[in-house]
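Peer 1: What follows is the residue order along each chain.
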Amino acid sequence: MAGEQPNANLADLLERILDKGIVIVGDIRVNLLDIELLTIKLRLLVASVDRAKEMGIDWWEHDPSLSSRASREEVSDGQGSSREALEEENRRLRERLAAIEEHAGDGADGATGDGKSTASKRSASTRKRENSD
Amino acid sequence: MTDSSDTAVYLYGVTRGLDPAVLGDSPGVAGAPVRGVATGDLTALVSTVRLDEYGEEALRANLEDLAWIETTARAHHAVVDRAARVAPTAPVRIATVYHDDERVSQVLREGRERFGTALDRITGRSEWGVKAYAYPEDDRPAEEAVPSATGGGSGPAGAGTAYLRRRQEQRRRRTEAGRRLSERAQAIDAELRVHAVAVRRHPPQDPKLSGHAGTPILNVAYLLDDARVPEFQALVRDIDERSPGIGVEMTGPWPPYSFIETDGA
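The listed protein sequences correspond, in order, to chains A and B. Residue numbers 8 to 140, in this note's numbering, belong to the letters of the first sequence in order. Residue numbers 216 to 480, in this note's numbering, belong to the letters of the second sequence in order.
Be careful, since some hints might not be right.
Covered by chain A, per the in silico footprint, the following chain B stretches (three or more residues, Cβ under 8 Å) [unchecked claim]:
(1) 237-243
(2) 247-261
(3) 288-301
(4) 466-473
Hints are computed from structural coordinates only; laboratory data are not their basis. Every residue gets a Cβ at the ideal spot worked out from N, C-alpha and C, and that includes glycine.
Please build the complete structure, drawing on both the sequences and the hints.
Peer 2: Structure follows, in structure tokens:
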């Protein structure tokens with residue numbers, strides 16, 4: 008028999024022990040609802056996020072620079088003014104980018120990129136994707 | 216001795232062909248001794264517990280208490296684990312409590328077929344956990360060096376442009392990295408599951424509970440024939456070694472918690 012587990016990791020243990028195993032009704036009525044609630048609570052603790060279940064991962068959600076939800080929270084707790092300035096600047100940049108993109112038009116592929124416009128274009132199209140989701 | 220009206224019988228699991236003597240006198244939940252209640256070829260592993268801890272009201276309160284749950288879960292697991300190492304053992308959900316041994320026997324008799332099916336499925340097999348973690352070497356901010364390609368000089372917009380572009384580039388890279396990690400997690404699972412009798416995916420664990428530094432990308436339980444365990448372990452090590460930026464860990468043997476349902480599947 009392979010390795011002993013004198014002290015199994017609590018998360019490993021709880022995810023196995025709480026809602027798995029044979030479920031038979033005992034004489035002492037543990038309100039099933041209580042166990043379900045408990046299971047849900049602990050599952051929230053054990054599991055990261057629902058989406059992680061489907062995706063397998065979700066870590067970018069928690070990075071403030073990547074998650075719009077997170078950055079909104081960040082705004083609300085301080086650094087307000089520099090953040091606002093930055094957002095205002097972003098707004099203006101969006102307009103500029105939109106204008107540039109329009110100028111570049113569909114034929115832009117042929118446009119001899121001076122590095123500047125291709126870079127802008129990439130930003131603009133990234134932005135489009137971002138806005139659409 | 217306590218009056219039997221103050222006590223009840225806590226059930227850990229059901230085994231087949233187990234000599235309860237092998238459990239020795241290691242205590243179960245609440246420090247109580249563990250014993251067997253045999254009916255036919257099935258043996259229920261039980262402890263006598265006090266109603267002031269395992270009665271209806273007490274349980275309701277205790278199940279709200281994570282420290283109590285942990286202690287009880289560990290004790291429950293210790294008993295099931297000892298049994299599972301020597302005989303096929305079907306764990307029962309935590310906090311299943313009966314009035315007395317006679318009721319436990321009755322449950323064994325009535326559930327004979329169901330327990331039999333569950334035990335057949337796990338005989339000669341054990342559960343193994345495999346978790347994979349990603350370590351953040353992949354998203355080092357190195358390529359922040361998409362330097363100011365935008366002739367950043369253009370007045371006050373420069374800093375914002377750079378910031379915006381950096382953010383977008385980071386986002387793109389992270390999303391891409393996330394997608395790649397998902398794929399790699401799927402690939403690891405695909406490589407492993409062909410060796411298993413059954414597979415059950417668990418959600419990735421919160422690092423707060425697991426205390427693990429990496430980002431969890433895979434958490435799967437595999438039911439393995441005991442004979443195939445060494446080969447499986449070698450494969451896990453091999454995958455771990457040839458996966459840069461990803462750590463693969465294996466835990467077990469576990470009692471077959473994840474493979475015990477008798478309904479449905």
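Peer 1: Now tell me if each hint is right for this structure.
Peer 2: Outcome of the hint check:
A stretch counts as covered by a chain when three or more of its residues have a beta carbon under 8 Å from one of that chain; for the segment 237-243 of chain B and chain A the count is 0, and the coverage is violated. Taking a C-beta to C-beta cut-off of 8 Å, the segment 247-261 of chain B contributes 0 residues in contact with chain A, too few for the three needed, and the coverage statement is violated. Requiring three or more residues with a Cβ within less than 8 Å of a Cβ of chain A, the coverage given for the segment 288-301 of chain B holds, as 6 such residues are present. For the segment 466-473 of chain B, the proposed coverage by chain A is satisfied: 6 residues have a C-beta within less than 8 Å of a C-beta in that chain, meeting the threshold of three.
Violated hints, listed in ascending order, are 1, 2; each of the other numbered hints is respected by the structure.
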